[in-house]
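Peer 1: Going down the list, the protein sequences come from chains F and E. Note that the first sequence covers residues -9 to 325 in the numbering used here. Note that the second sequence covers residues 33 to 474 in the numbering used here.
Incorrect hints may have been included.
What the hints assert, rightly or not - Just so you have them, the derived chain F footprint on chain E, three or more residues with Cβ under 8 Å: (1) 43 to 54; (2) 130 to 140; (3) 204 to 217; (4) 292 to 302; (5) 321 to 333.
To be verified - Simulated restraints on C-beta separations: (6) E:280 to F:251: 27 to 37 Å; (7) F:240 to E:198: 46 to 56 Å; (8) E:328 to F:204: 52 to 62 Å; (9) E:398 to F:170: 42 to 52 Å; (10) F:214 to E:328: 20 to 30 Å.
Derived by calculation from the structure, the hints in this document are not laboratory data. Even glycine gets a Cβ: it sits at the ideal position worked out from N, Cα and C.
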Amino acid sequence: MKLDNFKELLLKKSVDNDNLQILIKYMRDDYLVNHVVESLEKMAASYSKKNPNASVKHFAANMNNFKSGMIHDALSHHASHYKAALDAGDNKAADDHMRQIFKTIHMSEKFTKDGLNDHSSGRLKIDAIDPKPWERSAYTNKNDAGKFKTDTQGWKRHGTNINYDWLREAPHESYKDEVSRHGNNKAYPLEEMKVNGKYIDIADVEHKQGKHTPHPFDSHPIFQHYNESPNSHNADKKAQYLEQRETFHGDEKGGKAQYRDKLANMSKEDYANRGTEKSAPIHKEVEGLETQQRAKAPQVAEGPAGKPISQSELQSKLASIKAKSAALKIRRGGK
Amino acid sequence: MTNEELLKSISDMLKAHEDYLNENPDIFLGIQDRFLDAISYGSEDLTKAEDNRSGFFSPEDIENIKDMDLDQAKKYLSNRVSDKPNAREHNTKNALNNIKSAQSIDALGANLQDSMLAYARKDKRLPKSSKSGYRDWQPRDDYSPEQQAKIKEHMDEGWSHREAERFANAHQGPKDFSSALDHRVNPSQPSSKMLDTMKEYALEYKQRANKREGENADAGINPQKFASHQDIKAHEEAYGDYDKDYKSFLKDLDEKDLHPLEYDEAVSKWQDDWHKQNPEAKDKMVAAADAGKVYGEANQARSEKLDEGRMSLIQGGNASGESSTGEFSDSASAGNDADNSMQTAAQMVGGAKGEGGYEAGTVKDPNAIFREQNPEFVAQLKQKLASKLGQNPEAKERHDAMPPRARMPKEQQPGAVKRLTPEEIQAQYGDKYNVKKPGGVQ
Chain F
-9 MKLDNFKELL
1 LKKSVDNDNL
11 QILIKYMRDD
21 YLVNHVVESL
31 EKMAASYSKK
41 NPNASVKHFA
51 ANMNNFKSGM
61 IHDALSHHAS
71 HYKAALDAGD
81 NKAADDHMRQ
91 IFKTIHMSEK
101 FTKDGLNDHS
111 SGRLKIDAID
121 PKPWERSAYT
131 NKNDAGKFKT
141 DTQGWKRHGT
151 NINYDWLREA
161 PHESYKDEVS
171 RHGNNKAYPL
181 EEMKVNGKYI
191 DIADVEHKQG
201 KHTPHPFDSH
211 PIFQHYNESP
221 NSHNADKKAQ
231 YLEQRETFHG
241 DEKGGKAQYR
251 DKLANMSKED
261 YANRGTEKSA
271 PIHKEVEGLE
281 TQQRAKAPQV
291 AEGPAGKPIS
301 QSELQSKLAS
311 IKAKSAALKI
321 RRGGK
Chain E
33 MTNEELLKSI
43 SDMLKAHEDY
53 LNENPDIFLG
63 IQDRFLDAIS
73 YGSEDLTKAE
83 DNRSGFFSPE
93 DIENIKDMDL
103 DQAKKYLSNR
113 VSDKPNAREH
123 NTKNALNNIK
133 SAQSIDALGA
143 NLQDSMLAYA
153 RKDKRLPKSS
163 KSGYRDWQPR
173 DDYSPEQQAK
183 IKEHMDEGWS
193 HREAERFANA
203 HQGPKDFSSA
213 LDHRVNPSQP
223 SSKMLDTMKE
233 YALEYKQRAN
243 KREGENADAG
253 INPQKFASHQ
263 DIKAHEEAYG
273 DYDKDYKSFL
283 KDLDEKDLHP
293 LEYDEAVSKW
303 QDDWHKQNPE
313 AKDKMVAAAD
323 AGKVYGEANQ
333 ARSEKLDEGR
343 MSLIQGGNAS
353 GESSTGEFSD
363 SASAGNDADN
373 SMQTAAQMVG
383 GAKGEGGYEA
393 GTVKDPNAIF
403 REQNPEFVAQ
413 LKQKLASKLG
423 QNPEAKERHD
433 AMPPRARMPK
443 EQQPGAVKRL
453 TPEEIQAQYG
463 DKYNVKKPGG
473 VQ
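Could you put together the complete structure from these sequences and hints?
Peer 2: Now the structure itself:
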């Protein structure tokens, strides 16, 4: 694209601001480019916040099937308790469990995003539908320019006072295209979540009113450190993380010991069979967001007799009738 | 009225006049022609695709001409060619010549076999095609049952219809060079599954390219890329041997199909042993965390570079030299008192005498042009920079060389509203405004 065209785009965008228009119109090209690049670099700078710090990289580098199994178990645990709390009408407890799910996936995204620079070398892959279309329903205020005031954060939205009512509703209409792509236009499909190709195992568990039941993995020190930027997470903090990690792994009452106790009663087959089948939907049926049905490719023609006639057969019959008709005319001496 | 109802009423009408139509077959043929035309018109979009493939004649035509004499057959076939007005002229001409030159019914039949090949239409050949004649891919409608089953199987796995067709060996491309030249089907959007599959192959190359980009990144231009590379490099240097051995160990362990507890014990034991054999590794791993500081340093370097650029924009030609024209010599800038002739002055500034007199070859400072055109922006920039001063002595020095207006604190600049202290408000307005003194209850 020529810079003139780019300038025109900027001028169109700044139609409500005369000063801005004049500035864009007369600004020297290289300064304009510098400012645009500067803005883009700011965006890139915010991307750096998503980069994993040294502790996350250490956690990822030590990933193995036992750990990924622990994360699968933690997500399954929180999803099961979330469902039980919802059924009991205890939304606050349900939100606590959902918050931990968000936190866990947010942490795992730090080192598995897009499969590029996957520090776990592919040993942890969480497939979950992006919650942003549902999140948008809770933050719909717009500014004068018609833009949403609050950005969606996806899995990053796990603050202490967040309630996740929006997951129980249909997604927001501004995400129609995305929703029509994956087809989940009702309440958030938590049951679709997979860890290393296995669905999370949502079981029927007992819920005690107002009580949050933690999973052993929740006490892993990575949750205290994963959200720090690489810039602020220095060697001292890494050393602190490794120390805490020793406690988690080595202590008799540490998180790992608790999880091992849980596994002690489970056979190898039972462990392997978890999540081979998708659980029933967690959320209640709600009216779905209306999305445009994408044009489907024509169905493969049905061949055998008795089935609907195909277009080619129809055309063939039509051609045959036409030929017979023409032959009849010729025989009768017509044109 | 639905199609079924329409057909039924036509059928009823024909039955009601069955005897008359048997006696007057021309009328029946006329009705039939109209009916066929109506069907063709209604399904024009559908038939166009078929027309492209079927050519001028159908297999029935060969059967039909068998019991005709040569002239009748030629006339019949010529009419069939005329029924295809959208065919290209040279195709039509060739077909008519072939009919005309045939010496027997058998020869005519043989010619028909050739003419049944597809001909090209002179108008848009298919609906939804672009101006260039390219169109979207559509599945064929004559798959065999085996092909259908295979296609369905692949589609259930997540492949697109077009990909599944290829995997099922049901694809039919152009048959010869001529039709290949005429083949205009757009590429299709790959399925997510295809993209995921391709990603596995592409990942290694992409990572290699990223690494090379990082190695060549300039901290002053793209600090994020530079810092990210330094960070990852430090991690790789600290964890390189560990990663390699650990991956190899896990690969062997995965094949053993252990209970998760046994698996965990094996991993813990291996890690303990490895660290005993490499006692210095842990310190290296901890120290690698400090590489994250590169982010802050690179950002700071970039920020300083940008400030310098802004400063040169504000100061322009005043950046060096004592005279008003900056880096030009006193003579060139007419800074000394000695008078120069026009010719001498022109030579000094790179000018020459042209048709319209002396023309200077110098270009006006672009920063100065910008300052003239964007005074408000420059004023804002000066204020912004003034607030950042004090941290950098060089910047402070440059700041001192700035025009006084930009050096003033915001509240002292012309047009700024002075903020009164509670005492001043009290003295000026008395008790008109209930002013609370900070830090206490009145």
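Peer 1: With reference to the structure, classify each hint as holding or not holding.
Peer 2: Verification of the supplied hints:
Given as covered by chain F, the segment 43 to 54 of chain E fails the check, having 0 residues with a CB less than 8 Å from a CB of that chain where 3 are the minimum. Check on the segment 130 to 140 of chain E: 0 of its residues sit with their Cβ under 8 Å from a Cβ of chain F, so the three-residue criterion for coverage is violated. Coverage of the segment 204 to 217 of chain E by chain F is violated in this model, with 0 residues showing a Cβ closer than 8 Å to a Cβ of that chain against a need of three. A count of 6 residues in the segment 292 to 302 of chain E with a Cβ less than 8 Å from any Cβ of chain F is obtained; the coverage claim is therefore met, three being the minimum.
For the segment 321 to 333 of chain E, the assignment as covered by chain F holds, since 8 residues bring a beta-carbon within under 8 Å of that chain's beta-carbons and 3 suffice. A hinted range of 27 to 37 Å for the beta carbons of residue 280 (chain E) and residue 251 (chain F) is consistent with their spacing of about 31 Å. Between residue 240 (chain F) and residue 198 (chain E) the CB atoms are about 55 Å apart, so this pair conforms to the stated range of 46 to 56 Å. A hinted range of 52 to 62 Å for the beta carbons of residue 328 (chain E) and residue 204 (chain F) is inconsistent with their spacing of about 35 Å.
The supplied range of 42 to 52 Å is met by residue 398 (chain E) and residue 170 (chain F), whose beta-carbon atoms lie about 50 Å from each other. Range check, residue 214 (chain F) to residue 328 (chain E): about 21 Å between beta-carbon atoms, so the 20 to 30 Å window is met.
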